[in-house]
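Participant: Use the sequences and the hints to build the structure in full.
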Amino acid sequence: SQQGEEDPQALSIQEGENATMNCSYKTSINNLQWYRQNSGRGLVHLILIRSNEREKHSGRLRVTLDTSKKSSSLLITASRAADTASYFCATSGGSNYKLTFGKGTLLTVNP
Amino acid sequence: NAGVTQTPKFQVLKTGQSMTLQCAQDMNHEYMSWYRQDPGMGLRLIHYSVGAGITDQGEVPNGYNVSRSTTEDFPLRLLSAAPSQTSVYFCATSDNPAYGYTFGSGTRLTVV
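Line by line, the protein sequences are chains P and Y. Quick note, the first sequence lines up with residues 2 to 112 if you use our numbering. Quick note, the second sequence lines up with residues 14 to 125 if you use our numbering.
Heads up, some of the hints might be wrong.
Heads up, incomplete: computed chain P residues facing chain Y, CB under 7 Å, no partners named [what the hints assert, rightly or not]:
#1 Gly43
#2 Leu49
#3 Ser52
#4 Arg55
#5 Tyr98
#6 Leu107
Lysine to any residue pairs mimicking SDA-like chemistry, simulated, CA-CA at most 20 Å apart [said to hold, decoys possible]:
#7 Lys99(P) with Ser93(Y)
#8 Lys104(P) with Pro52(Y)
#9 Lys70(P) with Arg55(P)
#10 Lys99(P) with Arg81(Y)
#11 Lys99(P) with Thr123(Y)
#12 Lys99(P) with Thr28(Y)
#13 Lys27(P) with Thr99(Y)
#14 Lys99(P) with Thr68(Y)
#15 Lys104(P) with Arg81(Y)
#16 Lys99(P) with Val125(Y)
Keep in mind that the hints were calculated from the coordinates and are not lab data. Because the structure is a prediction, the values reported are computed rather than measured. The beta carbon of each residue, even a glycine, is placed where N, CA and C say it ideally should be.
Facilitator: The structure is reproduced here in structure tokens:
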């Protein structure tokens, strides 16, 4: 069963614009993680936010978490063509050993 | 330092054949997992291990076996391949799952 659901499924923007992706989940979590996957490649861990945190920054990435709404958002500022990839949220709850992934958002950044 | 190495990268099997997908890591990570990725489905956990000698089932374990005899290796065995097992398989490792996982580059498996 999918825990996280990303929205939108696909997003196309111009270089330099900001990109926002959202993730909703169903049950309580310990943390929520965002991963990037370039076409035909493995997943790369971007950022993790714990359930007691509301906002976190890493370079051009900003993640927010609203546990009351069971939702998170990933903001990529000043996007670049190299940011073109699929982005997945993954939740960890109960046992930290298991990650439950959403279906992903395909981001296309046009030069 | 190779990180997480998955072999083979591509494989075509006939229905009913068996095979082993290999995953090796040189980071001394205790936690290792296998996921499958299907179009429009995200990643689903097949089996995972919290250390040598310890394995457990994930969300979709049927048709797959695992063992963990060493810290470095976590092979995934398909006992009798079925077309429904056509997928991309990813191995992921971590020294502390509370901080995220490192993924291999994947094995693309086609069962005909």
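Participant: Against this structure, judge whether each hint is valid.
Facilitator: Outcome of the hint check:
| no. | hint | result |
| --- | --- | --- |
| 1 | Gly43 | holds (4 Å) |
| 2 | Leu49 | holds (5 Å) |
| 3 | Ser52 | violated (11 Å) |
| 4 | Arg55 | violated (18 Å) |
| 5 | Tyr98 | holds (5 Å) |
| 6 | Leu107 | violated (11 Å) |
| 7 | Lys99(P) with Ser93(Y) | violated (26 Å) |
| 8 | Lys104(P) with Pro52(Y) | holds (9 Å) |
| 9 | Lys70(P) with Arg55(P) | holds (12 Å) |
| 10 | Lys99(P) with Arg81(Y) | holds (17 Å) |
| 11 | Lys99(P) with Thr123(Y) | violated (26 Å) |
| 12 | Lys99(P) with Thr28(Y) | violated (30 Å) |
| 13 | Lys27(P) with Thr99(Y) | violated (28 Å) |
| 14 | Lys99(P) with Thr68(Y) | holds (12 Å) |
| 15 | Lys104(P) with Arg81(Y) | violated (29 Å) |
| 16 | Lys99(P) with Val125(Y) | violated (31 Å) |
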